[in-house]
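There are 2 protein chains.
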Amino acid sequence: MADPLQSWNEGPAKSAIVAFVQARTDSASQDFVRPEDRIATFDQDGTLWVEHPMYVQLAFVLDRLAELAPQHREWKTSEPFKSALAGDLAAFANFTMADLETLVAASHAGMSTDDFRGIVRAWLAKAEHPRWKHPYTDLIYQPMLEVMQYLRANGFKVYIVTGGGQAFVRAYAERVYGTPPEHVIGSSLETKFEYNSDGKALLMRPPKLLLYNDLAGKPEDIYLFLGRPPLAAFGNSTGDQQMLEYTQAAGGARLMTLVLHDDPEREYSYGPESGQADTKFGAFTRALYDQAVSKGWTVASIKHDWKRVFAFEP
Amino acid sequence: MADPLQSWNEGPAKSAIVAFVQARTDSASQDFVRPEDRIATFDQDGTLWVEHPMYVQLAFVLDRLAELAPQHREWKTSEPFKSALAGDLAAFANFTMADLETLVAASHAGMSTDDFRGIVRAWLAKAEHPRWKHPYTDLIYQPMLEVMQYLRANGFKVYIVTGGGQAFVRAYAERVYGTPPEHVIGSSLETKFEYNSDGKALLMRPPKLLLYNDLAGKPEDIYLFLGRPPLAAFGNSTGDQQMLEYTQAAGGARLMTLVLHDDPEREYSYGPESGQADTKFGAFTRALYDQAVSKGWTVASIKHDWKRVFAFEP
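Here the protein sequences come in this chain order: A and B. Numbered per the numbering used here, the first sequence spans residues 2 to 315. Numbered per the numbering used here, the second sequence spans residues 2 to 315.
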C-alpha cells in the first residue's frame, strides 16, 4: 500500500501521527473509538497554508479597501484606513482588535452572503502570493493535506478551526482542502435574515462580529459546533494553545500537534529560535514550545519533518 | 423492499416526501445533487416530539428550579420565579423573552458543560410526560423518525434545528434520534474556557445567551453552522417560517413541510382550526397555513397522514 504520508520524512512527528490513528481505529486497541466519535481539528493560517508575509485574508482586506476607496475619500486621512491603504506593514503590527474589526467591517460586510462568497472567489482567482507568484490556494502545505486525507480515509471528520473568517475560508475550502462548508469553524459576522424587493428570503452581512474564533474562542466554538473535544488538533501558534489544551484535557490517546516554521529556504522561519516569535501576536513562542515538550505534544518541524512543502515543488 | 415510511398513510404528504428524495438522488434527474450537498433540517418541539402541555425543556426548568429553590429563598416572592415555582401555566403564557432568559440562566448556567449534560440525562431518566406516563424521550413521533432514517439512508445529513437549548437536546439526540451532537443546532448559552484547580482545561456555562435559534435565528444559524440552505426543512409553527422560506428561496426541488396538530384523540389539536393557534406564540396560525398552501409547502396532518404516532402504540 502506498504511504499515505509520503511528503513526510520518517521521524517522531510522522510516527506520532500514525501511532495515534492506529490506536483510535484498531478495534483491538483499548483506545479504539467508533467512527462517529473520530473528530480532528486544524487551524488554517500557518498550519494548512502560508501566513507570511501577512495573513492571506489581510491581503484580501487591503485589495478590497483599495477597490472601495474611491467611494470613501475620508479613508485617506483617518486611521486605520490610511495605514491600510498605504500598505504600511509596520502600522499593522500595532493595530488593535478594534482597528481590525473596523477594517473587516468595511471590507467584509454590507452585502448578502451569496455576494460575499462571489467577491472572495473572484479575488482568489486573480490574487498571487508576492514571493512564489502562485495563487494563494496553491500555497497549502502538501504534508498537512496528506494528514487530512489520511484521517478522512480512517473515518475521521476533519474540521478547520480558524481565527480567520468562516465565510472567507468556506469560499474555497472544499475545492482546496476537500473540506465542505459545514466543516469550517471560524470567526464570524452576524447575519441578518431579510426579504429582497421580490419578497425572496436572503441573508445579509451586517458589520457586527458574532464569533472571534481564536485563543479561548477555539475550544468554545468547537463545543458550540461539535459538542465535544476533538481527538486530534493541529495548530502552529499561541492562538491554538487553548484548543490543544482542551483536546488533551479530555483524556485517552489524543494527538496535539504544532507546526514549527523553521525553514527560511523553503518557507519562513518565525519559531522560538528565530528571535521574532516572542514579539508577535499569534506566534510559536518559547513558552509554547516549552509547554509542548512538557505536555508531550508533537512538534512538526518544516525543515526536518517535511520532505516537501508545496505540491507544485518538483 | 420494506416501505421506509410504514407509519405514514398513503396520501399527498407521503408522496411529496418520496418524490423529493427521488428527484434529488436519482442520477438521471435534473434535480440530482451529490451526497455532500444533501442536507435536511428538522425543528424539534412539535415536529419530532410532543410539545404539549408545555415544552419538555420547560418541564426541566421547573423541576430544576424546584430543586434549587431551597438555596434561593428570594425566589418565593420575586417573578418570574414565583410563578415558575407555583407551576402557574397561565402566568407562563405571559412571560416575556427576558423572563424566560432569567429562568434559563438560573436553571441552565453556572456549571461546566460536562456537568450540565449529566444533569439533563439524570432528569430525563426519571421524568415522565403527565398524560402518557412515559419518559419524554418515548414521545417522539415515529413517522418523523422514519423520515429522518429514510433521508439518511439516501445520503442526507440530517440536522435538528431547534429553538430549544442546543446542549439540552444534544444530551439525548444521538440515543433518541440517531443524531450526533454536531448535527444539533439550537439556542445556546456562551461558554467560557477556564482551568480548574488542577490546571485542567474545561468549559463553563455563564448565564449569557449567544444564539436564539428561533424565527429568523433559524436560517441565520443554519448559515452559521452549514454555510448554505438545506434541501428540505420540517417544522410545525411560525417559529419555523423563516427556515422554510430560506429553504425555498434557494430554488430547485426543495421540500418544505409543516406538521399539523389536528388529532386530539391520539395527540393534541392546536392548528388553525382549533381556535387557539392565533393567540399563541410559535403556533401553526391561519396565516402560516395560507402561506403553506400558496407556496406549495407540504402539510402533514397527524390525523390523516400518520398511521401511528408513537412507537409504543400497539
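Rather than coming from a laboratory, the hints here were simulated on the basis of the structure. Nothing here was measured: the structure is a model prediction, and the numbers come from that model. Wrong hints could be hidden among the right ones.
Note that the list lumps identical chains together, so a pair holds whenever it fits in one copy or between two copies.
Unchecked claim - As a list, the in silico EDC-like pairs of lysine to aspartate or glutamate whose alpha-carbon atoms are at most 20 Å apart: (1) Lys209 x Glu195; (2) Lys158 x Glu175; (3) Lys127 x Glu80; (4) Lys134 x Asp32; (5) Lys201 x Asp291.
Here's how the hints hold up against the structure:
no., hint, verdict
1, Lys209 x Glu195, "within (16 Å within a copy, 26 Å between copies)"
2, Lys158 x Glu175, "both (14 Å within a copy, 17 Å between copies)"
3, Lys127 x Glu80, "neither (28 Å within a copy, 60 Å between copies)"
4, Lys134 x Asp32, "neither (45 Å within a copy, 40 Å between copies)"
5, Lys201 x Asp291, "between (55 Å within a copy, 17 Å between copies)"
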